[in-house]
Amino acid sequence: MLIQLTDQPIDVAAVLQAVQADGAGAVNAFIGTIRNRSTGRRVVRLHYEAYDQMAVHQLRKVAEQAVERWPMLQEVAIVHRKGTLEIGDVAVAVAVSTPHRAESFAACQYIIDTLKEVVPIWKKEEYEDGTVWVAAHP
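Number 44 in our numbering belongs to position 44 of the sequence shown; there are no gaps in the numbering.
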């Protein structure tokens, strides 16, 4: 299991490599990137802040919950960025491997949806005319 919070660019190939397993017939990944528009406004860049120790703990907990829910999960990898990110940068990479595709899709979606709800990582969008904290939770 690869769980990481980093201020460095995410190596997507390394995340995919981390979930390789002989019993896996399916590898599914979600790669979240920084887009240039949000709520009708032009985004210049994003800033992510995290409560590091708790964020890593919660990321691991989400991965463990996925393994409990889908016992056929072979491997799980979650890497999330913090700091200032530019348009096109990878903000989060989630990858899972399973014997079959249905479980792989479901587990990957569960992980990204759940981490956005429970992990203490906060996003501030910077626009041409100001900044806004987005989805300030948990």
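Treat the hints as calculated values from the structure; they're not laboratory data.
Any given hint could turn out to be false.
What follows is a set of in silico ranges between Cβ atoms, one per label pair, in the way DEER data are often shown [unchecked claim]: (1) GLU128 with ARG69: 38 to 48 Å; (2) GLY40 with PRO71: 42 to 52 Å; (3) PRO9 with SER38: 20 to 30 Å; (4) MET72 with THR131: 18 to 28 Å; (5) MET72 with GLU126: 38 to 48 Å; (6) GLY83 with ASN36: 31 to 41 Å; (7) GLY130 with LEU16: 30 to 40 Å; (8) MET72 with GLU128: 39 to 49 Å; (9) LYS124 with MET54: 12 to 22 Å; (10) ASP89 with ARG41: 15 to 25 Å; (11) ARG35 with PRO71: 27 to 37 Å; (12) GLN109 with MET54: 15 to 25 Å; (13) ASP11 with VAL134: 32 to 42 Å.
Simulated pairs of lysine-lysine, DSBU-like, Cα-Cα distance not exceeding 35 Å [as the list claims (entries may be wrong)]: (14) LYS61 with LYS82; (15) LYS61 with LYS116; (16) LYS116 with LYS82; (17) LYS124 with LYS82; (18) LYS61 with LYS124; (19) LYS82 with LYS123; (20) LYS123 with LYS61.
Glycine included, C-beta positions come from ideal geometry on N, C-alpha and C.
Subject >> CB-CB spacing for LEU16 and GLY130 relative to the 30 to 40 Å hint >> reply: 37 Å, holds
Original post:
Range hint 12 to 22 Å: satisfied by the CB atoms of LYS124 and MET54?
Top reply: 19 Å, holds
Subject >> Satisfaction of the hinted span 38 to 48 Å by the C-beta atoms belonging to MET72 and GLU126 >> reply: 41 Å, holds
Subject >> Outcome of range test on Cβ distance (PRO9, SER38; 20 to 30 Å) >> reply: Holds - the Cβ-Cβ distance for PRO9 and SER38, about 21 Å, lies within 20 to 30 Å.
Original post:
Would you say the C-beta atoms of ASP11 and VAL134 sit inside 32 to 42 Å of each other?
Top reply: Between ASP11 and VAL134, where Cβ atoms are some 26 Å apart, the hint is violated.
Original post:
Between LYS123 and LYS61, is the straight-line Cα distance small enough, at 35 Å or below?
Top reply: 21 Å, holds
**OP:** Would you mind confirming whether the straight-line C-alpha gap from LYS61 to LYS82 stays at or under 35 Å?
**Re:** 19 Å, holds
Original post:
At the C-beta level, are GLY83 and ASN36 separated by a distance inside 31 to 41 Å?
Top reply: Violated, since GLY83 and ASN36 (Cβ atoms, about 19 Å apart) do not stay within the stated range.
**OP:** Given the hint that LYS116 pairs with LYS82, test it: the Cα-Cα distance must not exceed 35 Å.
**Re:** 14 Å, holds
Original post:
Should the hint that MET72 and THR131 are 18 to 28 Å apart at their CB atoms be regarded as holding?
Top reply: 43 Å, violated
**OP:** Return holds or violated for the Cβ distance of ARG35 and PRO71 against the range 27 to 37 Å.
**Re:** Taking Cβ atoms as reference, ARG35 and PRO71 lie about 35 Å apart, which means the hint holds.
Original post:
Between LYS61 and LYS116, is the straight-line Cα distance small enough, at 35 Å or below?
Top reply: 13 Å, holds
Hint compliance for this structure: hints 4, 6, 13 are broken, all remaining hints hold.
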